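*Asks:* Each chain, written out:
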Amino acid sequence: MTASGVRHAPTAAAGPGRPPARSLWAGIRLVRLYAASRRVPAALAAIAACAIGLRITLIGHWDTYGAFQLPLLFEAGSAVAITATAASPLGEPERITGRWLPFLRLATALALTAAAAGALAAAGAGAHLAGGTLDVVRNLAGLTGIGLMCAAVLGGGLAWVGPTGYLAVGAYGLYSQWHHPALTTPWIWPARPPHDLGAAICAGLVFAAGMAVVTLRGARDPAGE
Amino acid sequence: MTAASAPALARPRPATRRPGIATARLLRLELRHNAMLWMLPVAIALFWLTTYRKTMAMPPLWNLRAASMQAGVVVAFVCPVAGAAAWMGSREARRRMADLVTIAARPRWARQLATWAATTGWAMVGYAGCVGVVYGVTAQQAAWGGPLWWPAAVGAASLPVMSALGFAAGTLVPSRFTAPLAAIAAFFVLVLSTELIHGSQSYWQVSPVVTGPWDTGPDAGVATFYPYLPDLPIAQVMFLAGLTVAVLGALALRRGSGGRSLRAAAAAVTGAGLVAAGTAVGLAGTGKLDRHGMIAIPALHNAASDRPIHFTPVCSHTAIPVCLNPAYASYLASTAAALEPVLTEIAGLPGAPARISQGAAAYEQGAGNDVGIGLAGPVISGTPPVYRMLLPDQQLGPTLTNGEFASEVRSTVGPNIVAIVIGDGPGASRAQHAVAAALMVAAGQPLQGAPPGTAATASGGSARCERPAARCPAARSGRGAGGMNRPPGLTPGSPAYAAARRFAALPAAARHAWLMQHLAALRAGQITLAQLP
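Protein sequence lines correspond, in order, to chains V and D. The first sequence maps to residues 0 to 224 in numbering that gives the first Met the number 0. The second sequence maps to residues 0 to 532 in numbering that gives the first Met the number 0.
Careful: at least some of the hints might be erroneous.
Just the calculated beta-carbon pair ranges, DEER-fashion [said to hold, decoys possible]:
#1 Q364(D) x I58(V): 26 to 32 Å
#2 T63(V) x Y202(D): 20 to 26 Å
#3 L105(V) x V136(D): 45 to 51 Å
#4 G277(D) x E93(V): 47 to 53 Å
Just some of the chain D residues that point at chain V, by a computed CB distance under 8 Å [claimed, not checked]:
#5 M38
#6 L39
#7 V41
#8 L48
#9 M57
#10 P58
#11 W143
#12 R175
#13 F176
#14 S260
Because the hints were derived from the structure by calculation, they are not lab data. The structure displayed is predicted, hence computed values, not measured ones. Ideal Cβ positions, reconstructed from N, Cα and C, are used throughout, including at glycine.
With these hints in hand, go ahead and build the complete structure from the sequences.
*Replies:* Structure, rendered in C-alpha cells:
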C-alpha cells in the first residue's frame, strides 16, 4: 500500500470543534475495535464458561480438600482469561497512536475483573461455595494482579504463567492447613480465611500494582504475535 | 551483488540423505527456542515450595520421601509443562506460519514431534534435577535402605503425557487462551480426580499422584519390613506411556500430517496406546490393599515381594534393650530415652520382656478410604519374651516432632509394657491397677485421669481427619501400641489411688524387692490393696 492509498479521515473529526454525536460514535468505535483486538468477547466467553463450570461442579459432592480447592481453580481460569486480553497484536506501533490507550487498558481490565467476580459469585449463589463471595473476590483480584504484572514483564501471551503458578501455590497453601507445617503468610491469600485482613490487603496491593503497571506500560508484546 | 555477478556452481551437488543428522539439527533448534526452558525456574520454584520443603521435613526414610516426592513433583510440574507444551503447540498458528511451513520437506507430524520432544526433554531435565536433589540429600541422611526408583519412574512417565496433552490442545485449538486453560484443566484433572477414589479397588488409582491407599498419604510403616510393591507403579507407567503414545499418534491422524502410510501407522500406534492405557486402568481397578500397606494388583504381583526383608536391628543399651528396624535408627535415641524410666522399673522382674522390639504394621481396608492399622502378630512372643510395638510414625497421622514422638511413646508404649508385666487390664484386681499406676508415676507419668490413647479403635487404626490439623484434636487418638489395653485411671480419693501413691513413694529398691517377691501373687489376683506396702 502506498501513501496515496491511505484514506484520509474527515478534517472535522480530528479538530477540536467536532460535533458531540460524531465524537461519541468515534469513542464507541474505538472501544469496540480495542475490545476486538484484545479478544475481549472470547475472554468473556471463557469467564462465563468458568462460572458455568463452577456451578456444575458445585452440584457434586466434594470432601473438604476439594471444596476449598475447587473455587480457586475457576478463579484462576477467570484470571488468566482477563490477563490474556492484555496481549496486543499491534505491539509498539499502537503505543504512539493516541492518548486513550492507557484508559482503555484500565477500563478493560477493571470491567472484566468485575464481570468475572460477579459471574463466579452468581455461580456460587445457593450452593456451598467454600469461602463465599469475599473469598472469590479476593482471590480473583490477587490472581488477576499477578497476571497483569506478568503481562508487563513476560508479555501478554505468557501472562498466564503467574496465575497458574500461583494456583499451585494457593492449592498447596490450602493443603498445608491439614498437613503441617502450615503456610500462614498473608501473601498466600487463598489459604487464609475470607475475613483475614492481611490477606485481603496483600491481594489488593497485588491487584493495584498489576492494574497500575498494565495501565501505564501495557503488556510487553512484540508486534505480530 | 546482482544476480549477474553471482558465481555459478560448476555442477549441482548431489543431495545427500542423512535423516539422523537432520533430525538432530531440528531437535537442537527446537531445544534452543522452547518455552519450557523458561518455565523451568517456575517449575523448580513450585517444586521447592510445595514438595521439597515438605519432603525434607519428613524423617529420612526412603519410603516416606520417595512417596512424598512422587505425588508432589507431578503436581508441581503439571501447570508449567502442560502450559508450555500448549504454547509450543500453538506456535505455528500464533505466528501465522502454518501455511509457510506446510511446504517444508518434513511431514507436519515429524516437525510437531520434534517440538514435543524438545518440550518434554527440558521438563525431564528439570525433573531429573529435582529428583536428584531429593534423593541425594536423602542418601546422606537415611540410616538404611536405598533409593526407591519406581516413584521416580512414575513421575518421569507423567511428564511426557502432560506435555503431549498440552501440545495436542495447543495444536488443535491455537488461541491465546489455550495454554492457560490447558494448564488449569490439567491441574484440575490431576489433583481433583482423586476425589473419585473410594477404597483400594478404584480405577482412579492409576493417577500418578497416588502412591498407596488414598487418604493415608506417605506412610512410614510401609516398605521397611517388606519390599516396596511395584504393582501400582507398573500399572501407572503403563497407563501414562499408553496415553502418551495415543495422543501423539492421534496428532498424525489429521489431514495433512503426512502420507497415507504414515497416517495408517499412526492409527495403529494410537490404537495400541489406547489399549495399553485401558488395560492399565483395568488393572488398577483390581488392586487391593495388602497386609503390608501397599496396593497389590493380582495380575502384576510377584509373590517374592511378600517375603519380609532381612535386617539386623539397631538396639539401645537400656536395662531392657530397645531394638528398631535399622531404617528407623534415627528414632532409637528418643524411643529409648522415653521408655528408659519404665524399663528401669520392670527390669529383672519375673515375666518382664527381655527385649522391646519394633514390629511391622498390619493394614486393613475399612469402609470407604478408611484404613485400620495394627501390630502384625502378637504383642508378646518368644522365650525369653519379646515385647513388640509399633512406633507412632508407623501409624496414620501427621508427622511428629521429636518431642511429640517421645511423648507419644512414653504415654502409649510405656503403660502397655507395665500392664503386661503386672497383668493389668479390664479384669484385673484393684491392687494390680494400683501397682501399675504406681509404676507409671515412678516412671514420671501423671497418676490422675484416664491415660492417653484409651480411645483407640479396635484395630488400633485411625482415619485421616477431614479438617485442618489444628481442628483435629483427636487426629492421633488412634495411635496405639499394638492394640493393648492400658491401665485405667484411678479416681482421686479412692483406696486404690491412695495405695498407688503410697507404693510409688517407696524407694525404687524397696518397690523392686517387693515386686520380685509378690509379682506372681499379684498377677494371680491374690494381693489386696491393704497388702500393698
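*Asks:* None of the hints should be skipped; say for each whether it holds.
*Replies:* Checked hints:
For Q364(D) paired with I58(V), a C-beta distance near 29 Å keeps the hint of 26 to 32 Å intact. Against the hinted window of 20 to 26 Å, the Cβ-Cβ separation of T63(V) and Y202(D) comes to about 23 Å, which satisfies the hint. Remark: the range hint 45 to 51 Å for L105(V) to V136(D) is upheld by a beta-carbon distance near 48 Å. Evaluation of the 47 to 53 Å hint for G277(D) and E93(V) yields a pass: the beta carbon distance comes to about 51 Å.
Here the hint on M38(D) is kept, as its CB sits about 7 Å from the closest CB of chain V, short of 8 Å. With 8 Å as the threshold, the beta carbon of L39(D) stays out of range of chain V, its nearest partner Cβ sitting at about 12 Å, so the hint is violated. Nearest Cβ of chain V to the Cβ of V41(D): about 5 Å, under the 8 Å cut. The hint holds. Given hint, L48(D) at the interface with chain V, holds; its Cβ is 6 Å from that chain's nearest Cβ, closer than 8 Å.
Against a cut-off of 8 Å between C-beta atoms, the interface hint on M57(D) is violated, since the closest Cβ of chain V lies about 11 Å away. The interface hint given for P58(D) is violated, since its Cβ lies 14 Å from the closest Cβ of chain V, which is over the 8 Å cut-off. Interface restraint check: W143(D) against chain V, minimum CB-CB distance 25 Å, threshold 8 Å, status violated. With 8 Å as the threshold, the beta carbon of R175(D) comes within range of chain V, its nearest partner Cβ sitting at about 5 Å, so the hint holds.
About 5 Å separates the beta-carbon of F176(D) from the nearest beta-carbon of chain V, less than 8 Å, and the hint is met. For the restraint placing S260(D) at the interface with chain V, the shortest Cβ-Cβ distance is roughly 35 Å, beyond the 8 Å limit, so the hint is violated.
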